[in-house]
Amino acid sequence: MSDRSLLSPTGVDVVFALLGAVAAASALMVVTTRQIVHAALWLVVSLGAVAGCYLVLTAEFVAWMQVLIYLGAVVVLLLFGMMLTRAPIGPSDDLTGTNRLVAFFASVAVTAVLGVLVVDAFGSTMIDVSGEPSSAAVMGEALFRYWVLPFEALSVLLLSALVGAIALSKPDEGA
Amino acid sequence: MSEVLEAALRLIVVFAAFLTLPLLVGQLEHKVMAHMQSRMGPMYAGGFHGWAQLVADGVKFAQKEEVVPAAADRTVFRLAPALALIPYFVAMVAIPIGPGLVGRDIDAGIFFVLAVMGVGVIGTLMAGWASANKYSLLGAVRQVSQLMAYELPFVLAAASVAMAAGSLGFTDIVDAWEPWWLIWQLPAAVVFFVAGLAELNRPPFDMPVADAEIIFGPYTEYTGLRFALFLLAEYAGIVLLCFLTSVLFLGGWHGPFVDSWVWTFAKAGVLAFVVVWLRVSYPRMRADQLQKLAWQILIPVALAQLLLTGVVTVAW
Numbered sequence: 001m002s003d004r005s006l007l008s009p010t011g012v013d014v015v016f017a018l019l020g021a022v023a024a025a026s027a028l029m030v031v032t033t034r035q036i037v038h039a040a041l042w043l044v045v046s047l048g049a050v051a052g053c054y055l056v057l058t059a060e061f062v063a064w065m066q067v068l069i070y071l072g073a074v075v076v077l078l079l080f081g082m083m084l085t086r087a088p089i090g091p092s093d094d095l096t097g098t099n100r101l102v103a104f105f106a107s108v109a110v111t112a113v114l115g116v117l118v119v120d121a122f123g124s125t126m127i128d129v130s131g132e133p134s135s136a137a138v139m140g141e142a143l144f145r146y147w148v149l150p151f152e153a154l155s156v157l158l159l160s161a162l163v164g165a166i167a168l169s170k171p172d173e174g175a
Numbered sequence: 001m002s003e004v005l006e007a008a009l010r011l012i013v014v015f016a017a018f019l020t021l022p023l024l025v026g027q028l029e030h031k032v033m034a035h036m037q038s039r040m041g042p043m044y045a046g047g048f049h050g051w052a053q054l055v056a057d058g059v060k061f062a063q064k065e066e067v068v069p070a071a072a073d074r075t076v077f078r079l080a081p082a083l084a085l086i087p088y089f090v091a092m093v094a095i096p097i098g099p100g101l102v103g104r105d106i107d108a109g110i111f112f113v114l115a116v117m118g119v120g121v122i123g124t125l126m127a128g129w130a131s132a133n134k135y136s137l138l139g140a141v142r143q144v145s146q147l148m149a150y151e152l153p154f155v156l157a158a159a160s161v162a163m164a165a166g167s168l169g170f171t172d173i174v175d176a177w178e179p180w181w182l183i184w185q186l187p188a189a190v191v192f193f194v195a196g197l198a199e200l201n202r203p204p205f206d207m208p209v210a211d212a213e214i215i216f217g218p219y220t221e222y223t224g225l226r227f228a229l230f231l232l233a234e235y236a237g238i239v240l241l242c243f244l245t246s247v248l249f250l251g252g253w254h255g256p257f258v259d260s261w262v263w264t265f266a267k268a269g270v271l272a273f274v275v276v277w278l279r280v281s282y283p284r285m286r287a288d289q290l291q292k293l294a295w296q297i298l299i300p301v302a303l304a305q306l307l308l309t310g311v312v313t314v315a316w
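Chains A and B supply the protein sequences, listed in that same order. Per my numbering, residue 1 is the first one in the first sequence, and the count goes up by one each step. Per my numbering, residue 1 is the first one in the second sequence, and the count goes up by one each step.
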């Protein structure tokens, strides 16, 4: 696939770019909309477009996981939390905090670091995505053969978060 | 080109099934409930047992005025029914009913269907919030708290059968299925079916739409076609759950005499009957009973089943 270049994009490239544009644009809407529930709903669009990107890159299993966890659980919990506390219909004026400049620079810095990292690591790598979609078996093989340590470390982290959540939500006994 | 044509044809067939099967379940529910409770209801439309009443209901829905509450968030309010309904159609694409009879055979089919089904709840949340009605909002919040409790046993039970078959794809699972799985996967099957009912808000798990308390929960403010779409989503959910259960736990198209898609339909049909049967038999559960059932019964049972499946699969 060495004859491929940016000047002659394939259909896959075009779809990938479009999905990326949707993800970025809706992410922008998340932080600029004046209606707090709309921000969460734009997040649905953004995360869904990212799942689409995974799909185009033939990472089927990762795409379904993205939908199951981010759309089905994280965003739903977010909306749930909002509706339990405060979710007015119509624009709110006090959504923008005083830290917006700091947040802006922090996000620019993170983007720059991640961008440089990705370009440096994979900038010249060509991945053939024209073949069959990768299966869950390939994913499991990689995860449990080569990436067991990070996987287990994350498991312990999540477990401690779980224990912490239970400890926090328990009413103080004898206090 | 023939590949594209075949894919399109498969999608059209799935779409036709998506439009007709939920109506069949709806009709089944009307008639079974009527006979079980000795209240015949409309028996004249169309002649035999009033079979055309469903068509008449559809015409009625289409004629009704479309009302959006003045204080509602109009865009979100209008989008919500689509978001509640479309995931079920997308999920149906991956469910095989016979050898080779599937919209699209997806490698990690179970995860695909579970993931897509989970998106539907966003539609309910949107409906509940955008209606600008406190009953709607209460219903949406109840819906999510119920879903959070039942999603875990639902996924764990599905994981058990996937472990037993050594695959996440539906076709592989049905191929690996043996009749004795009916016994050793029985707890998982029961947990799966019960948790699925709870996710669909079917009675006795219909607290989010409890009409005596909060009118009709998230759908209170909806009228006409959009309301009909929510109802269709509920019946499409029943169809999906029944086919999922029969494919995952009851062997799909395996049956006595000959393997055929007829068996898949027969099993799903019997399950749909059970869904209606449960509705007329059990009173609605309270919030605390709902949470108790999920966390203290279904999840431990599902975890024990997972342990059993793991031990048997490794030791075999």
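In case anyone wonders, no lab produced these hints; they're calculated from the structure. C-beta: ideal position from N, C-alpha, C; glycine also. Check the hints yourself; a few may be wrong.
Far from chain A, some chain B residues (derived; all Cβ distances over 10 Å) [unchecked claim]: (1) A71; (2) G128; (3) W129; (4) A130; (5) L168; (6) L186; (7) F230; (8) V312.
Some but not every residue of chain B turned toward chain A, in silico, with C-beta under 8 Å [as the list claims (entries may be wrong)]: (9) P69; (10) D73; (11) V274.
Point to revise | Status of the hint placing P69 of chain B at chain A (closest C-beta pair under 8 Å) | key: violated (10 Å)
**Study point:** Non-interface label on W129 of chain B, tested against every C-beta of chain A at 10 Å
**Key:** Since the minimum Cβ distance to chain A is about 6 Å, W129 of chain B lies within 10 Å and the statement is violated.
Practice item. Mind verifying the non-interface call on L168 of chain B? Its CB should be farther than 10 Å from each CB in chain A. Key: violated (5 Å)
**Study point:** Check on V312 of chain B being off the interface with chain A, judged by Cβ distance over 10 Å
**Key:** Check passes; 20 Å lies beyond 10 Å.
Review point. Is the hint on D73 of chain B kept, meaning its closest Cβ partner in chain A is under 8 Å away?
Key: holds (5 Å)
**Study point:** Non-interface claim for A71 of chain B, where every Cβ of chain A lies beyond 10 Å
**Key:** Violated, since 7 Å does not exceed 10 Å.
Check your understanding: Is it correct that the beta-carbon of L186 of chain B has no partner in chain A closer than or equal to 10 Å?
Key -> At about 26 Å from chain A, L186 of chain B clears the 10 Å cut-off, so the statement holds.
Review point. Taking C-beta pairs only, is A130 of chain B more than 10 Å away from all of chain A?
Key: violated (7 Å)
**Study point:** Hint status (Cβ of V274 of chain B to nearest Cβ of chain A, threshold 8 Å)
**Key:** It is violated, given that the least Cβ distance between V274 of chain B and chain A is near 26 Å, above 8 Å.
Review point. Minimum Cβ separation between F230 of chain B and chain A greater than 10 Å?
Key: holds (18 Å)
Review point. Regarding the assertion that G128 of chain B does not contact chain A, is the least Cβ-Cβ distance greater than 10 Å?
Key: It is violated; G128 of chain B is separated from chain A by about 8 Å at its closest Cβ, not greater than 10 Å.
In summary, the structure is inconsistent with hints 1, 2, 3, 4, 5, 9, 11 from the numbered list given earlier, while agreeing with the others.
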